[in-house]
Amino acid sequence: MALLNLHLKVWRQNGSQPGHFQDIEAPEIPDHASFLEMMDIVNERLIANGQDPIAFDHDCREGICGACSMTINGMPHGPERATTTCQLHMRKFRTGDTIWIEPFRARSFPVVKDLMVDRGAFDRIMQAGGFVSIRTGSAPEGNSIPIGKDVADAAMDAAACIGCGACVASCKNASAMLFVSAKVGQLNTLPQGQPERQRRTLGMVRQMDAEGFGNCTNQYECEAACPKEISVRWITKLNRDYAVAAVKDIVGAGRQQAGGEGGD
Amino acid sequence: MVQPLLTMSLDSKIPSGPMAEKWTRHKRDSKLINPKNKRKYSVIVVGSGLAGSAAAASLSEMGYKVKCFCFQDSARRAHSIAAQGGINAAKNYQNDGDSVHRLFYDTVKGGDFRAREANVHRLAEVSVNIIDQCVAQGVPFAREYGGGLANRSFGGAQVSRTFYARGQTGQQLLLGAYSALNKEIARGGVEMYSRTEMLDLIVVNGQTKGIVVRNLVTGKIDAHVADTVLLCTGGYGNVFFLSTNAMGCNVTATWRAHRKGAFFANPCYTQIHPTCIPVSGDYQSKLTLMSESLRNDGRVWVPKKAEDCGKNPADIPEADRDYYLERKYPSFGNLAPRDISSRAAKEACDDGRGVGPGGRGVYLDFAESIRDFGRNTIAERYGNLFDMYERITGESAYERPMRIYPAVHYTMGGLWVDYNLMSNLPGLHVLGEANFSDHGANRLGASALMQGLADGYFVIPTTVANYLVTQKPGEVTLDNPEVKKAVADAEERTKKLLSVKGKRSVDSFHRELGLLVWDKCGMARTREGLQEAIDRIPALREEFWNNVTVPGSGDAANQELEKAGRVADFMEFAELLCIDAQNREESCGGHFREEHQYPDGEAKRNDQDFSYVAAWEYSGNCSQPKLNKEPLTFEEVHLAVRSYK
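Each protein sequence line maps, in turn, to chains A and B.
The opening position of the first sequence corresponds to residue -5 in my numbering, with each subsequent residue numbered one higher.
The opening position of the second sequence corresponds to residue 288 in my numbering, with each subsequent residue numbered one higher.
Calculated from the structure, these hints are not laboratory results.
What you are looking at is a predicted structure, and each value in this text was computed from that prediction instead of being measured.
Among the clues, some could well be false.
Lysine to aspartate or glutamate pairs mimicking EDC-like chemistry, simulated, CA-CA at most 16 Å apart [as the list claims (entries may be wrong)]:
hint: 1; chain 1: B; residue 1: Lys790; chain 2: A; residue 2: Glu22
hint: 2; chain 1: B; residue 1: Lys314; chain 2: B; residue 2: Glu431
hint: 3; chain 1: B; residue 1: Lys788; chain 2: A; residue 2: Glu205
hint: 4; chain 1: B; residue 1: Lys850; chain 2: A; residue 2: Asp46
To give a feel for the contact side, a few chain B residues facing chain A, derived at Cβ under 10 Å [as the list claims (entries may be wrong)]:
hint: 5; residue: Gln458
hint: 6; residue: Pro688
hint: 7; residue: Ser786
hint: 8; residue: Lys790
All residues carry an ideal CB built from backbone N, CA and C; glycine is no exception.
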């Protein structure tokens, strides 16, 4: 096992106050450590020196909870493909390296402290339609809805999203289209999601806009940054679903109005 | 301060009648609250994993006013999300002879006859409804070409009854429950509080009426009151510091409830999973599980001679390798049950023949399978696992045997509950891994997800009314003196943690405690070893309170302060864990006492003296808990030696 001597430039910020980069030396980091374990070591040393440790979100440390959210050398989750920060290991770095560590940056993800951001916008988007309205106890027998293997597999591809927000952080527009398209796409692909397809699509896209996420200009950085390799094809599908839903919404609203005026 | 207890008896409230009719009868006899009155009752749900999200969503749908709390930044990140394998259900879609009774039997036997029969039967009954519910929510379970749901087999069963969504079943089921929760949040039925951690339970006149919480962003400590509280806060595996649990998993909610009078049952039942990636250094923060399915094609071995341990495994000839599982358990070989395999790995390493850093690892070798079936076939079966292994260790398991070692994975013990999932402390309900009731001394694979969702979707919506009808809604308000006192106590404790200003970090204490508990109360336990731990823990606890350093302040985001509160509770809980392990003079499931084994190393149960649930009561001094016993009686299943031969 080799030891690495690293120079860190870490973003420090207290809530809404302006932040800055702090230079932190990180000598003798074992190359077997994960990136977050390197952060643990650095924090232990800061604490020992009476300094404030670096705040960062993390929990499962096995790449599935989606909590960790660092931009490493300008890349959300760092340089390794299909890997969350918690699964990135220090052997991917070399001794003498300077590593820039920042939070996931986006207007809709305000910084809470240091590398910790508020991704509550994602929850609010989900509340705007990311569900099938089925009450507990009212479900039909599981096998009464046959779903082809290809359909189930496609839905699972979208459902693999861990909601980390790397797609937003990687996008120059801070667009949330990859996240929203994956969530809409999962349910809109499955038969269970059809009755609410239109409501869901409009609700979630409108909430996404209300949260201040930018528009998609087909840069596809999101797919490259996604630790679960969600495909940008879901964005295409969302655009199609949204167009249909928006037209139906206008026509439907018109019909309702006409019906209302006519009255029986 | 210990609240006086109104009830001291352990009435499990198991309904009368034949086993297969108990739940039906109980549903029929349970109290109902009419829709207009339901709106007057409020429920607090702590935790947003499978049990918590499912309960919060279901109770809100029924009309109750629900508040749900989680310490994570989003309800979707609860640790249920990390479960890989699947969820059991007695659907018998495979036409292989499965039934509710068979699932019930397998679970009782798998738990080494230390679970409560009636609860397990109910679990097996509602398992089929869970699958229906999840499918309707849009959970993308694996399918067959014909469009039907697919199944796989899992340990401890001879039928295929496990439903799955790739290797991410927990994630998909949790996202399903989270979607139901979101639906209710949008409707206004649930108020969600994320980044909010429970610090204490509020008990007024012997009834559970609320919780004290800390906002993890602002640091503000305040109270929430309700007519009942549901703890869905998971297990205590992180007492060992290193485990497969998420970093935030903790015992605080259940431990604080225990200190307020709730009995803690069977804490010594802990599950050690045999196939995890070993510890590679003292900076290690957690352990990663590798699916047990790898043992289908991998052969487990260590060098025969200790001096070979440092060699490249390829340079160790066949004759110098000890395929110890195949040698000791010729009929089961590498597929020996979890607890047996874990202990055998420990023995080999204790013998000085462990491999890798620190000598705590054994080889899981795929060379023969790659030779027989080809690299592509092995890659198809386990490609994602091999990739994960390489990311973490930097080694390719195609070229070199994997190194594995057992790790703490799940805890079967938890707060004692009756058939209604209510603790002995009235008004406190406990669901999922946080309670003790369904898995006995050992949990079978794919049963944790089943229990969390069973409790949340189907059990508590029926049983909670049995308590609520005894209560006048909204009786306790925030200006109640007990509520104010609980808040003041929590503020005081936080101040105390911040004011020690000692020399050692929180993590250094947690690591030391974890190593001690792992060493003395891990895979194999002895009376003497446990005594040593019981002697040493109070001293460590005292040092913690005199020498811990928690930087920063209490009135802002402070992750060290969060950890300090959790570790302070682990320091107390660890002692109870060891006391329970020492009290239980038998080996059963995940609890292995070296004094109690058959000559072949199998666990030796003592049904005569220990066929009971050990429900520990807080006495005001965590070194002297009081033991209450709930005798286990078996009507349906005959007690037998748990053998898979």
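Taking the hints in turn, this is what the structure says about them:
no.: 1; hint: Lys790(B) / Glu22(A); result: violated, 22 Å
no.: 2; hint: Lys314(B) / Glu431(B); result: violated, 35 Å
no.: 3; hint: Lys788(B) / Glu205(A); result: violated, 42 Å
no.: 4; hint: Lys850(B) / Asp46(A); result: holds, 15 Å
no.: 5; hint: Gln458; result: holds, 6 Å
no.: 6; hint: Pro688; result: violated, 18 Å
no.: 7; hint: Ser786; result: violated, 15 Å
no.: 8; hint: Lys790; result: holds, 8 Å
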